[in-house]
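Using the supplied hints, reconstruct the complex from the two chains, each of which is provided in its own coordinate frame.
If you read the sequences in order, they're chains A and B.
The first sequence begins at 60 in the numbering used here and counts up by one.
The second sequence begins at 19 in the numbering used here and counts up by one.
Honestly, the hints are just simulated from the structure, not real lab data.
Hints are not guaranteed to be accurate.
[Claimed, not checked] Below 25 Å or equal to it, Euclidean Cα-Cα: the simulated DSS-like pairs (lysine-lysine) are:
no.	chain 1	residue 1	chain 2	residue 2
1	B	Lys36	A	Lys102
2	B	Lys42	A	Lys120
3	B	Lys36	A	Lys133
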Amino acid sequence: MDKNLIGGSTVLMLLALLEEKDCYGYEIIKELKERSQNVFQFKEGTLYPVLHRMENQGYVKSYRAKAENGKERKYYRITAAGKAQLVEEKKQWEVFSGTVNRVIGARGFA
Amino acid sequence: MEEKKWENYIDEVLSFVKFKYDHKAIRRELTEHMEDMREDLMAEGMDEAAAEYLSVAYMGDAAEIGRALNEEHSPLLGWIWHLAKGLVLVAFLGTFMTLLYLGYSVVSPLYSDYREITDSPVVFTVEKKFKSYDDTLILDGTKLHEDGTLDIRYRVKRNPFAKSILVFRDVDSIILDEAGKNMHIGTGGFRSNFVSGSKGQRICFVPKEAKTLVLYWGELILQIDLDTGEVAKG
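Excised from the complex, chain B in its bound form (with noise of 0.2 Å):
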């Protein structure tokens, strides 16, 4: 065995080092010494085997080596060094994965689906856009189905670097019948990144002689005729 030598020289250097967790490095080191010796003896004309014992003899006692280097590795300071570059890094995937979750968070409100309501036919649908500020509210298809339901389906996209005061507003809904009473308020709910948008959904029970929708969205307020669809400001 060509290396067997250098092996258990290092062997025994190594059984004096008490901090195991170094003893990787120091082989490698030495191992990497000895190398480089042998070479340069057998570039000086030595045959490999007298090269190699010469290597290992002039590395010096193991032993002496051995307590040396074992006060150069003291477990406690190993061990210090070593838990603080655990917490170095356990650090620093806690930032990578808060900024992974809030890059999730940005994006995903806007890319979430709409829950299908009903499978009924629909009378009518909205598409529309309203601006308002630096938002901007988008129905989204929102559709008065034949059983009545009324599903209203918007997004409100924020400009990101619009310097507008940020002011957080949903959608909210009532129903009017031809005298103007309020027939049924609906439920919903959306989700939002506070920083480019949101998403929402409403579901409204239209009872027949309900005439027309309101939409409140701040000042926005939008009146959308049940019977054909239209949408109406103020």
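With the rest of the complex left out, here is chain A (with noise of 0.2 Å):
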């Protein structure tokens, strides 16, 4: 895979995990990488530019508050215009992927 988390669905993804719950940096990267049962492996220092670039797309907010391991990590929370933009980015993909499906089906078959 991309080793990069600069490419195309990635503010989907992240977007989609923060609704759910606020995560800090290190949450995102660990639940990333369970939930693609590992497929996905970052350089996770290209975590950081994406989600500064976030939040200064106003899609995030970030606050430093205590993890469960009672030490101080800098979470990011989901704003509204985060949540608008999610919907917009899932129907983006619904199209991007369908698109695609159709491509390599129409191959398959010919």
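Spelled out as structure tokens, the structure:
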């Protein structure tokens, strides 16, 4: 897999994750690894430019709070604008994946 | 040095981020990430040195991340943001200081002291209250001294919740002789907060042949006998 987190569907995945709960960076990476059954293995540091960009765009807001292990971590929370963006990105993803499926399906039947 | 590897790595990342103001927060976030990673790797049975090595290696290329971070931490936007925050702080402090000053100016007139004018012995002292609408005039130790100094000390208290129109009335004074001739007008000053009251002091010199001190306070007229200190209205 592409080892960069700059790729197209990253924002969609991050927003979907943050819609479930507020997370700090390391937590996000762990969740992505687990849910993708280790298919997604990133250069973990590349997560942060993406998160910071999403914060600049107003999709997420960060705050510092204690994690379960008692240590303070920088959490990200999805905003109303982020939720709207998530809906938009989901739509785009469905169009995209549907189109890809049609293309490869058509080839398969050729 | 245990965390030297992390520090070196982050130093390299930050060397690409021009906006120095955000360096501290980025350093903290990346350090915490590697800290968590090392902890998890060690929990899986890896020894510390290897866990630390991998915690850096998994982060990815420092230059690539540094450049990407630099794009998100623009100095221009950063400084505008900090400037805006600064302005909010200044506005907040300004409001706070203004409120503090207002509070002080409401309270301070009533707590300021009268001036001591003379050591001469006191002939009489007047302490009396007179009410008028929602205001009260208090003759607050008005004194005649043997050397002829008349020290008129007064306070005006206003009920701050009163509905009647607020008319600011200072005290005026004249001194009359037996025939009713005006002999002197005093001088003085007052401090007021226009909300709950004011405090004032007038100084007059009383000639020997003076008979009556007349105080005017709005529609209230007080006549004080300068021999006895007795007060009569009207």
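Under the criterion that the straight-line Cα-Cα distance not exceed 25 Å, is the pair Lys36/B, Lys133/A satisfied? Given that 25 Å is the threshold and the Cα spacing comes to 22 Å, the pair holds.
Next pair to validate is Lys42/B with Lys120/A; report whether the Cα-Cα distance is within 25 Å. Holds: Lys42/B and Lys120/A sit about 18 Å apart, inside 25 Å.
Is the straight-line distance between the alpha-carbon of Lys36/B and that of Lys102/A 25 Å or less? 22 Å, holds
Taken one by one, the earlier hints all hold for this structure without exception.
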